[in-house]
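Number of protein chains: 2
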Amino acid sequence: MMQAISSNEIIIIEEGSVTLPKGYKAGGMHCGLKRKRLDLGYVVSEVPATAAGVYTTNLFQAAPLIVTQESIAKEKKIQAIIVNSGNANACTGEQGLQDAFAMQQGFANELGIQEHLVAVTSTGVIGELLQMDKVINGIKQILNKEHENENNFLDAILTTDTCVKHTAVQMKIDGKTVSIGGASKGSGMIHPNMATMLGFVTTDANIEQEDLLEALREVTNQTFNMITVDGDTSTNDMVLVMANGLAENNQLTKEHPEWNTFKQGLSIVCESLAKKIARDGEGATKLVEVQVNGGYSQNAASAVGKAIISSNLVKTAIYGTDPNWGRIVTAIGYSGVPIETNAIKVAIGPFTVFENGLPSNFVEEEVKEYLESENVKLSVELNQGEYSATAWGCDLTYDYVKINASYRT
Amino acid sequence: MMQAISSNEIIIIEEGSVTLPKGYKAGGMHCGLKRKRLDLGYVVSEVPATAAGVYTTNLFQAAPLIVTQESIAKEKKIQAIIVNSGNANACTGEQGLQDAFAMQQGFANELGIQEHLVAVTSTGVIGELLQMDKVINGIKQILNKEHENENNFLDAILTTDTCVKHTAVQMKIDGKTVSIGGASKGSGMIHPNMATMLGFVTTDANIEQEDLLEALREVTNQTFNMITVDGDTSTNDMVLVMANGLAENNQLTKEHPEWNTFKQGLSIVCESLAKKIARDGEGATKLVEVQVNGGYSQNAASAVGKAIISSNLVKTAIYGTDPNWGRIVTAIGYSGVPIETNAIKVAIGPFTVFENGLPSNFVEEEVKEYLESENVKLSVELNQGEYSATAWGCDLTYDYVKINASYRT
Numbered sequence: 003m004m005q006a007i008s009s010n011e012i013i014i015i016e017e018g019s020v021t022l023p024k025g026y027k028a029g030g031m032h033c034g035l036k037r038k039r040l041d042l043g044y045v046v047s048e049v050p051a052t053a054a055g056v057y058t059t060n061l062f063q064a065a066p067l068i069v070t071q072e073s074i075a076k077e078k079k080i081q082a083i084i085v086n087s088g089n090a091n092a093c094t095g096e097q098g099l100q101d102a103f104a105m106q107q108g109f110a111n112e113l114g115i116q117e118h119l120v121a122v123t124s125t126g127v128i129g130e131l132l133q134m135d136k137v138i139n140g141i142k143q144i145l146n147k148e149h150e151n152e153n154n155f156l157d158a159i160l161t162t163d164t165c166v167k168h169t170a171v172q173m174k175i176d177g178k179t180v181s182i183g184g185a186s187k188g189s190g191m192i193h194p195n196m197a198t199m200l201g202f203v204t205t206d207a208n209i210e211q212e213d214l215l216e217a218l219r220e221v222t223n224q225t226f227n228m229i230t231v232d233g234d235t236s237t238n239d240m241v242l243v244m245a246n247g248l249a250e251n252n253q254l255t256k257e258h259p260e261w262n263t264f265k266q267g268l269s270i271v272c273e274s275l276a277k278k279i280a281r282d283g284e285g286a287t288k289l290v291e292v293q294v295n296g297g298y299s300q301n302a303a304s305a306v307g308k309a310i311i312s313s314n315l316v317k318t319a320i321y322g323t324d325p326n327w328g329r330i331v332t333a334i335g336y337s338g339v340p341i342e343t344n345a346i347k348v349a350i351g352p353f354t355v356f357e358n359g360l361p362s363n364f365v366e367e368e369v370k371e372y373l374e375s376e377n378v379k380l381s382v383e384l385n386q387g388e389y390s391a392t393a394w395g396c397d398l399t400y401d402y403v404k405i406n407a408s409y410r411t
Numbered sequence: 003m004m005q006a007i008s009s010n011e012i013i014i015i016e017e018g019s020v021t022l023p024k025g026y027k028a029g030g031m032h033c034g035l036k037r038k039r040l041d042l043g044y045v046v047s048e049v050p051a052t053a054a055g056v057y058t059t060n061l062f063q064a065a066p067l068i069v070t071q072e073s074i075a076k077e078k079k080i081q082a083i084i085v086n087s088g089n090a091n092a093c094t095g096e097q098g099l100q101d102a103f104a105m106q107q108g109f110a111n112e113l114g115i116q117e118h119l120v121a122v123t124s125t126g127v128i129g130e131l132l133q134m135d136k137v138i139n140g141i142k143q144i145l146n147k148e149h150e151n152e153n154n155f156l157d158a159i160l161t162t163d164t165c166v167k168h169t170a171v172q173m174k175i176d177g178k179t180v181s182i183g184g185a186s187k188g189s190g191m192i193h194p195n196m197a198t199m200l201g202f203v204t205t206d207a208n209i210e211q212e213d214l215l216e217a218l219r220e221v222t223n224q225t226f227n228m229i230t231v232d233g234d235t236s237t238n239d240m241v242l243v244m245a246n247g248l249a250e251n252n253q254l255t256k257e258h259p260e261w262n263t264f265k266q267g268l269s270i271v272c273e274s275l276a277k278k279i280a281r282d283g284e285g286a287t288k289l290v291e292v293q294v295n296g297g298y299s300q301n302a303a304s305a306v307g308k309a310i311i312s313s314n315l316v317k318t319a320i321y322g323t324d325p326n327w328g329r330i331v332t333a334i335g336y337s338g339v340p341i342e343t344n345a346i347k348v349a350i351g352p353f354t355v356f357e358n359g360l361p362s363n364f365v366e367e368e369v370k371e372y373l374e375s376e377n378v379k380l381s382v383e384l385n386q387g388e389y390s391a392t393a394w395g396c397d398l399t400y401d402y403v404k405i406n407a408s409y410r411t
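Residue numbers (my numbering), protein chains in the order written: chain Y, 3 to 411; chain C, 3 to 411.
Quick caveat, the hints were computed from the structure, so don't treat them as lab data. Just so we're clear, the structure is a prediction, and the values are computed from it rather than from any experiment. Mixed in with the good hints, there may be bad ones.
Repeated chains share a single entry, so a pair holds when one copy, or any two copies, can fit it.
Stated by the list, open to error - Okay, derived cross-link-like pairs now, SDA-like style, lysine to any residue, Cα gap no bigger than 25 Å in a straight line: (1) Lys27 - Gln224; (2) Lys347 - Leu99; (3) Lys24 - Lys178; (4) Lys370 - Leu131; (5) Lys404 - Val369; (6) Lys347 - Leu131; (7) Lys256 - Glu148; (8) Lys347 - Asn252; (9) Lys36 - Leu360; (10) Lys27 - Ile13; (11) Lys265 - Met134; (12) Lys38 - Lys265; (13) Lys265 - Thr59; (14) Lys404 - Asn377; (15) Lys36 - Asn363; (16) Lys370 - Ala407; (17) Lys142 - Gln224; (18) Lys178 - Leu131; (19) Lys404 - Glu367; (20) Lys347 - Gln63; (21) Lys256 - Glu96.
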């Protein structure tokens, strides 16, 4: 797992996660919010960590997000995160806010640290008050050794996910080994602008807070905000980064000679976590990637990618392995971007299917066979400039309908 | 059917359509584009009619739209419409454009009128050239008496529709009976901004063209542009209005004392046709109406309505008769409109489900039972102003996926 890393080289450690960087521990348990599965988890740093977060733009921000944002604002540091699943603590009014503060307070007490150093997150059903007796009881026990296990944390944060989602990278900064680890959850109600997904990123890097926040926002715009499962943006989305400095590198700032290496590492982690969410979209059988090149602006390239990946008709066609270039072209046409209809080129995998305003000559069976894969890539060349964007999503299947016609969120 | 109509009164004639107003005939036949069903249709006026149209905003406008827009621009009149289904003649390049002109020319010849007086529309599969031998052959025969039948026209324009869609109204203008009749088609790929739907409206009103166009645009914004089935906006949408003046009223303009009566009649026809499309959404089992009141602007009210009606999670919940207010609230929260989260009230049918930032006390079984209906109404009070909007759509079902994972559009 540990290899000699040369300067600027980033090693990907797929099996790693939030406890790979120095000085972090994590755990999880079942406190009673779910029937049997783990539903309460934590990440704790030995020392307070520089912190940055990005939050849903949904106007009905859930109580835990309000608590977390207020807390981080105080000192720009956190030392712990307490998470529950099974209940989003959203649309819960004044009581919900009190409950989120109580979770923060309870966990801060157990750790013997100041309250504002504890971030709170929740995910699950909307509009029901937390069963606080169970939550508080769980918080009192969760630091017990038997619950300490990174896998427990990865499980405890899930809702309709079918699998855990994690990754990690390592690099050298100032000759020191710096790690970035991440975990995420998300499956349904996923869309750019932070749809019910939670992302937790830890690093032992020593890094200046404002630059960390800026990097997080930029990377989020290219990763978490470029995935969609069903077009709905939830009340609870959040990505939190903790940087505890235990790697002892010289403080990273945008001026640091190895800043780009760190930023790329953060990008690799977030992209990986985001794609795993897209792939785990409710009912999905395929991960779909849309690569857009030649946009006249970043927004243009992104908008085209998102229009395609969000189209119910494109998604169902992919599910049916139908080389339906017409729906892809139609989506480009309503993306809101003033493209040149005759300049566009569209490909499904390696096969060009549309060019110069007309469908290309392609062998339907070949393209259909390509679409049988679990990984489908669509490419669009806009021929209007130099900007690129990648968007990820999944196919739209019967199971999506089945899951969502009966799950109470 | 014919009743004494008093001033300002509008009579709805559900069984009526495009040939109810004076001086119109319509017909349809099978020319061979589809396997068996009717696929070529027409509407003809005895005399040239003042004309107005609205067209898709999709940048890949199909060939027939280009031909029609150019033609109407010449004299602001048309006398006939020729329609084919089974092939959209979209993304067909130069040849497609020639084919659309050939259809126009062929039908103009049969009628003995100038070419620019013939509008052309197509609907169906994208990216395949029209089988012009069959189309031209059909155009040569279609005026034969055996094909003349309003029902034939209503059938000939359909694609994945499960039923014909038509209505008509009558009113008195200057003591003269004025009729407005309409027909539409549309089922899949439906979304505001004119998704694969065609609307044909005829009237015998004598009306000034620019005011007619303005009325059409306004009414379209409140009707056809407020429906959604799956969020995709197609390449072929169009609504055409013909007004041949044979009712012999004094010319209608915005200054005419009975202008509002006419406009309301046009609105009733377009709303009815639009709702029928929404109800016939691919796989739909329910018509869903979202009524938004108290918006601070027209756009705000519309945006909230459209966000809710377009949400896959709201649509699947309705399919599953799940009183899932949380998803409705979430959709309002990401609509892009700066609403006041604590001021909003949401109701499912007659049951308030959300108010003052919290879920209301409602009996789940009662609301669930309400959702079993084929007609579901959601109401939102924003409490920010005086503007209202209504949006229509349908539920998202297994059949939607089934239809679209295998239909080549």
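*Which hint numbers does the structure go against, in order from smallest to largest?*
1, 7, 8, 11, 12, 17, 18, 21
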